[in-house]
Amino acid sequence: MSADAKAETITINVDGVDREVPKGANLIDAIEQLGEEIPHYCYHPKLSVVGNCRMCLVELGMPMRDRATGEPVLDDDGVQKIGWMPKPGIACSTTVAPGMHIKTKSQVVKDCRNGVMEFLLLNHPLDCPICDQAGECRLQEFATDYGRGYSRYTEAKNVKPKRTRIGPRIMLDDERCILCSRCIRFSKEIANDDVLGFIDRGSYSTLTTYPGKQLENNYSLNTVDICPVGALTSTDFRFKMRVWFLKAVPSICTESSVGANTEVWSREGKIYRITPRRNDAVNDTWMTDSGRALYKQVEADNRLRAYQVDGKASSFDAAIAAAIAQMKQGKTAVVASARASLEEQFLLSQMVEATAAVRVDMVSHYGDGDHLLLSEDRTPNLRGALLTGLINDLPDARLDGLGKAIDAGEVDTLFVVHEDLAAAGLTDAQIAKVKVIYAGIEENSSSANAKVSFPLLTVFEKEGSFVNQNFRVQKFHNAIPAPRGVVYDLHLLETLRAHMVGESPTRPTVPAVWELMAQKITCLHGLDFRGLGDLGVGVDAGRFASLPFVESKNLKHDPEKRSKLGVEAGATA
Amino acid sequence: MAILNDENLAKVDKLVPKYPEKRSATLPLLHLIQEEHGYISNEAVEWVAERLDLSPINVYEVVTFYPMFKQKPGGKYAVKVCRTLSCALGGAYKTCKAFEEALGCGLDQTSEDKLASLEFVECHANCGRAPVVMVDEQMFEGVDENGARKLVEKMREGTL
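Heads up: the protein sequence lines correspond to chains A and B, in order.
When the first sequence is numbered by the numbering used here, its final residue is 570 and no position is left out of the sequence of numbers.
When the second sequence is numbered by the numbering used here, its final residue is 164 and no position is left out of the sequence of numbers.
Derived by calculation from the structure, the hints in this document are not laboratory data.
We put the beta carbon where it would ideally sit given N, CA and C, even for glycine.
Worth double-checking, as some hints may not be accurate.
Claimed, not checked - Once the Cα atoms are required to be at most 27 Å apart in a straight line, the calculated DSS-like pairs of lysine-lysine come out as:
{"id": "1", "chain 1": "A", "residue 1": "K159", "chain 2": "A", "residue 2": "K107"}
{"id": "2", "chain 1": "A", "residue 1": "K84", "chain 2": "A", "residue 2": "K107"}
{"id": "3", "chain 1": "A", "residue 1": "K185", "chain 2": "A", "residue 2": "K43"}
{"id": "4", "chain 1": "A", "residue 1": "K185", "chain 2": "B", "residue 2": "K26"}
{"id": "5", "chain 1": "A", "residue 1": "K78", "chain 2": "A", "residue 2": "K102"}
{"id": "6", "chain 1": "A", "residue 1": "K100", "chain 2": "A", "residue 2": "K78"}
{"id": "7", "chain 1": "B", "residue 1": "K26", "chain 2": "A", "residue 2": "K210"}
{"id": "8", "chain 1": "B", "residue 1": "K84", "chain 2": "B", "residue 2": "K101"}
{"id": "9", "chain 1": "B", "residue 1": "K26", "chain 2": "B", "residue 2": "K80"}
{"id": "10", "chain 1": "A", "residue 1": "K328", "chain 2": "A", "residue 2": "K448"}
{"id": "11", "chain 1": "B", "residue 1": "K76", "chain 2": "A", "residue 2": "K159"}
{"id": "12", "chain 1": "A", "residue 1": "K43", "chain 2": "A", "residue 2": "K78"}
{"id": "13", "chain 1": "B", "residue 1": "K26", "chain 2": "B", "residue 2": "K101"}
{"id": "14", "chain 1": "B", "residue 1": "K76", "chain 2": "A", "residue 2": "K210"}
{"id": "15", "chain 1": "A", "residue 1": "K157", "chain 2": "B", "residue 2": "K15"}
{"id": "16", "chain 1": "B", "residue 1": "K15", "chain 2": "B", "residue 2": "K76"}
{"id": "17", "chain 1": "B", "residue 1": "K84", "chain 2": "B", "residue 2": "K118"}
{"id": "18", "chain 1": "A", "residue 1": "K325", "chain 2": "A", "residue 2": "K309"}
{"id": "19", "chain 1": "B", "residue 1": "K118", "chain 2": "A", "residue 2": "K157"}
{"id": "20", "chain 1": "A", "residue 1": "K159", "chain 2": "B", "residue 2": "K74"}
{"id": "21", "chain 1": "A", "residue 1": "K448", "chain 2": "A", "residue 2": "K43"}
{"id": "22", "chain 1": "B", "residue 1": "K158", "chain 2": "A", "residue 2": "K210"}
{"id": "23", "chain 1": "A", "residue 1": "K84", "chain 2": "A", "residue 2": "K100"}
{"id": "24", "chain 1": "B", "residue 1": "K98", "chain 2": "B", "residue 2": "K15"}
Claimed, not checked - Residues from chain B that face chain A, not an exhaustive set, calculated with beta carbons under 8 Å:
{"id": "25", "residue": "I61"}
{"id": "26", "residue": "T68"}
{"id": "27", "residue": "F69"}
{"id": "28", "residue": "F73"}
Construct the entire structure; sequences and hints are all you get.
Here you go:
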């Protein structure tokens, strides 16, 4: 990961060619970094090594040395001899060592893989045509690559439970299970919920939960991701769509400030599932179950789908005109959102300037964290609001300050992004005192009382970036088209700003907004949208590092370390 | 139901510290429970797990692996007929059939009157005197079909 680790490499010989690999790496990982693959089932880079599938057998050897003198043993040509181990060894429990020789393509290795595949397929049902895993199944892939192509097996196959519901979101097909135990290790080591195990060990080994218990923790669906076959399937995705029809787009989970990296799988504008995307600095290879369900907001019943003026559907232009007319009368206050992207927050801050808004408020959304991948801050982009200067301090859960200002008659118009005013503590009387202009994804008390409502887009319908709990800027891409007739959030904000100052509006793109941001925001100097990459870039928190953020220690976040780093960085700057 | 009586509980307290890893005491504890109750209930599995700082599933895996651990109560007597080579050649299959008829139950089942449970098991290590049958901890050698019927009669009379 870091520059130090990359610098320290050692040389190993793979199939007769010397290659540089990171020191101390697992052999399977090392080979993967070289762009090749040692087939494996049970090994997972983020779980303990058990070595029970035997698929990663390779031939291993070390340069020979004389045992008595320690001198290298040379052959007739004066080259050091390689002491090959008499039998193949498993790569997953091998750590690379200087001078190590491995053969991954020899006849012995091919025979091993062929043999292991034959054993694994002995009792495996020929389910592929109805199996959800088909198309992304390691067993299918390796059977093609290393299997013999026909079966020598004439006996009856084992019969095991075919559809056991082992949790509220998980269905288990024991016949398909190849007993790799990844799910068991995940539950025990990562989710700390040791409920899975193999019972009746032997020919009838069966994966199951303890009687009366379920695999129901908020990380259970990760077992579906890491299952190399179709044994564990998600009840939400099961039988819905063949995976080869789906398009995967890199995205960011909006559930909390962790900002888990995700892939959004869609076909013809409809999302079918969300899976985690590996990012060792953010979420490793995991994400929460609750985060996977967030795509349902796209088709939610309470989705705001049309521009409205005084509760009646209108055109975009008419809604803009009504909003501008309203904001030009009297004093405007803005309620910003930590659910908006960095670019939207930046354009909103420009709109705040253009409207000479009397105040900008924000609402916090805090909950309980699970110290893993669900942080206390349930918004994806609170830090973005700080960086763009929308707010200078952490927000409160209630808009009490704004309420007082309304009571004092200091506010005539309220421009609200995403937030629900009643839920944030404004009374009906206070809301009735002002004209509300609401922009959001869903209908709520703000939209119900709004003079003008603008529908906004979900994270899946636009692109942009969020700043996560570690001040890491991460970008998400457009997975599905926006609802018919709804413009991009950036376009809406820019149009409002331009009309307020009498300019003609442009249609800002995310990279164009980034050019502006990189100039105006110190910690984004030198960055551009494309340069972020799909793994994101950590930025200097600067003066915000010492703010009392609510996140406690979780998988990749340590508030103590973070604030120390930030204070030091702030001191040097 | 208490999981173990006081005497056995004292044994448990002595057993557990003997192992560097608590988990290693799983088997001895399960044996104690099976000796006392004749089977291992789910409550017992949970009790062992709690005692050894494990999850119940870890203990359950062990219980389901060994055929000698019973998960349901059996009959008053446990009849184990040897099925391995010497006994098989010596007529163990016939002996077993005779037990089935006399008890009125199938293999791995308990007779309706709860008198005995019948099993066809691997070697009792007494191959010279096949077929060998064990009833609880008692060994019976050269048990043919007649011998089997007689054993069942004795069990019924309570004179075994």
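Checked hints:
1. A:K159 with A:K107: violated (32 Å)
2. A:K84 with A:K107: holds (13 Å)
3. A:K185 with A:K43: Measuring from Cα to Cα gives roughly 12 Å; hence the hint holds.
4. A:K185 with B:K26: holds (18 Å)
5. A:K78 with A:K102: holds (20 Å)
6. A:K100 with A:K78: Distance of about 15 Å is within 27 Å: holds.
7. B:K26 with A:K210: Holds - the C-alpha atoms of K210 (chain A) and K26 (chain B) are around 23 Å apart, at most 27 Å.
8. B:K84 with B:K101: holds (13 Å)
9. B:K26 with B:K80: violated (33 Å)
10. A:K328 with A:K448: holds (15 Å)
11. B:K76 with A:K159: Within the cut-off at roughly 25 Å; holds.
12. A:K43 with A:K78: violated (35 Å)
13. B:K26 with B:K101: violated (44 Å)
14. B:K76 with A:K210: holds (20 Å)
15. A:K157 with B:K15: Violated, at roughly 39 Å.
16. B:K15 with B:K76: Distance ~24 Å between K15 (chain B) and K76 (chain B) Cα, so the pair holds.
17. B:K84 with B:K118: holds (16 Å)
18. A:K325 with A:K309: holds (22 Å)
19. B:K118 with A:K157: Not satisfied, since the Cα-Cα distance of roughly 30 Å exceeds 27 Å.
20. A:K159 with B:K74: Holds, because 25 Å separates the two Cα atoms, which is no more than 27 Å.
21. A:K448 with A:K43: violated (52 Å)
22. B:K158 with A:K210: violated (44 Å)
23. A:K84 with A:K100: holds (12 Å)
24. B:K98 with B:K15: At roughly 42 Å apart (the allowed maximum being 27 Å), K15 (chain B) and K98 (chain B) break the hint.
25. I61: This interface hint holds because 4 Å falls under the 8 Å limit.
26. T68: Given a least distance of 4 Å, the restraint on T68 (chain B) holds.
27. F69: The hint holds - F69 (chain B) has a Cβ within 8 Å of chain A, the shortest such distance being about 4 Å.
28. F73: violated (12 Å)
Checked against the numbered hints listed earlier, the structure breaks hints 1, 9, 12, 13, 15, 19, 21, 22, 24, 28; every other hint is satisfied.
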